[in-house]
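First to last, the sequence lines map onto chains A and B.
Following my numbering, the numbering of the first sequence begins with 14 at its first residue and continues without gaps.
Following my numbering, the numbering of the second sequence begins with 56 at its first residue and continues without gaps.
Since the hints were made in silico from the structure, they are not lab data.
Being a predicted model, the structure only gives us computed values, none of them experimental.
Keep in mind that a hint or two might mislead.
FRET-style restraints, in silico, Cβ to Cβ [to be verified]: (1) C219(B) to R167(A): 16 to 24 Å; (2) A131(A) to G250(B): 25 to 33 Å; (3) M14(A) to G187(B): 27 to 35 Å; (4) R195(B) to E194(A): 49 to 57 Å; (5) R156(B) to G98(A): 35 to 43 Å; (6) E77(A) to R89(B): 22 to 30 Å.
Yeah, the Cβ is synthetic: ideal placement off N, Cα and C, and Gly gets one too.
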Amino acid sequence: MVKKRVIPCLDVAGGRVVKGVNFENLREMGEPVELARRYSELGADELVFLDITATLEGRGPTLEMIGRAADELTIPFTAGGGVTGVDDARALLLAGADKVAINRAAFDEPEILTALAAEFGSQAVVCAIDARGGEVVTHAGREPRGRDAVDWAREAVARGSGEILLTSIDADGTRSGYDLELTRAVVDAVEVPVIASGGAGQASHLAEAFEVGAEAALIASIVHERPERLLELKAELSEAGWPIRS
Amino acid sequence: MRRSVSWPRNKRHRRRMRDQAVSDTAGRRAPGHRWTVAIADYGAGNLRSLSSALVRAGVEPLVTTDAAVVREAPLAVIAGVGHVESAAAGLARHGLDDALRERVAAGRPVAGICVGLQLLFGASEEGGEGLGLLAGPVRRLRARRVPHMGWNSLASTRANTLTCDVDGCDVYFAHSFAAEPSDPAVSVATVEHDGTIVAAVESGVVAGVQFHPERSAAAGARVLENLVRWSRSA
């Protein structure tokens with residue numbers, strides 16, 4: 014039986030890991046690859062690196078850091094942020110990322126998902142969806158797009174996305190739990206794994222996300238401050254009966 | 056353009072490889088010499104993490120499109136991501152498909168990783184045709200959640216080298232298709248995901264794993280060491 018995954022997410026801005034609340038008021042948390050290695054040692058099942066300012070600043074992703082992560086890590090990781098099309102995504106995958114996350118570019122041009130799935134297989138294509146009040150928003154939460162997130166998730170999978178990374182901006186950084194209603198709706202709408210994101214504060218929040226069918230749960234602020242919390246979270250979930258990699 | 060990247064690139068890795076080569080006198084072929092692993096480069100793979108992991112396993116990986124290198128190296132590996140169809144076309148473009156068949160005919164070991172394992176087999180439901188080194192089709196997974204994504208525990212189905220000491224361990228899978236060997240004895244380990252999936256195969260000088268050992272932490276490192284050990288005695 015495939016295990017439920019606990020995935021620390023490293024939001025990277027200017028080469029440093031940062032974390033904010035509701036995508037604002039960013040605070041610095043450390044060097045990305047160093048922190049990633051620490052999480053790997055502490056039992057992270059997978060990692061996500063998101064270059065959160067790339068789209069806003071209109072530049073491409075940071076390949077050098079991805080290459081170092083590929084050399085040093087022995088667990089899978091997804092890279093995203095600033096992916097504008099097939100060339101960016103290819104560069105990230107060839108630099109060593111196992112999967113690539115695409116957000117705004119896929120929404121604007123869904124054919125990108127199809128092209129990437131054709132070239133790299135859908136297991137390497139993660140469609141990242143940010144939602145506020147169930148509506149798709151892009152540009153780090155700044156642009157509402159007037160489309161239902163569940164509806165977009167369904168199309169993204171039909172076009173070739175092999176996984177959905179679903180972030181509730183309402184819940185992001187609040188530590189009050191994932192948006193379970195939205196997570197359940199997306200899980201029910203697609204056949205690919207769904208990663209719940211935004212709002213994790215304690216182990217029971219992750220358990221709730223698994224309960225509504227998420228295959229994985231993203232965590233950030235709760236482990237950035239004290240990485241050892243990751244070990245405790247996984248132990249608590251395991252004790253609660255969830256299939257967790259030890 | 057010939058694109059051969061020689062690994063490792065730094066002194067620390069080179070020293071580690073040399074120490075390993077000297078300490079390993081159990082290998083049948085020329086103990087004390089470097090064990091080069093040719094990674095067939097068909098242009099659509101994440102080969103960097105595998106290269107790094109093979110360095111950690113004590114061998115010298117060489118990512119190459121050179122058919123002669125792929126034919127003659129002590130071990131040749133087919134890895135990467137993507138479709139059987141595009142991967143097979145990529146191999147054929149550089150004559151690596153024939154090189155791989157020739158080395159198997161000559162009794163030299165070939166290992167496939169993830170889509171590389173699928174390439175060892177015949178026709179794929181995804182489109183395209185594998186190398187036919189092992190008999191059987193590649194079929195789409197019939198499970199509630201596809202791709203089969205994440206850590207899942209290996210179950211060895213018979214004594215073998217590849218999954219030695221990792222029986223029951225979690226390793227990382229990321230695939231939507233899987234090989235279905237005609238000869239059940241070819242499968243040496245399986246995994247459960249709404250049904251039984253072949254996770255590792257071993258037959259003569261041909262072996263493969265459906266998961267990603269380079270992304271499977273300590274258990275994956277052990278599988279790569281096992282793979283090298285297998286290639287030295289295959």
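Contradicted hints - numbers only: 1 and 4
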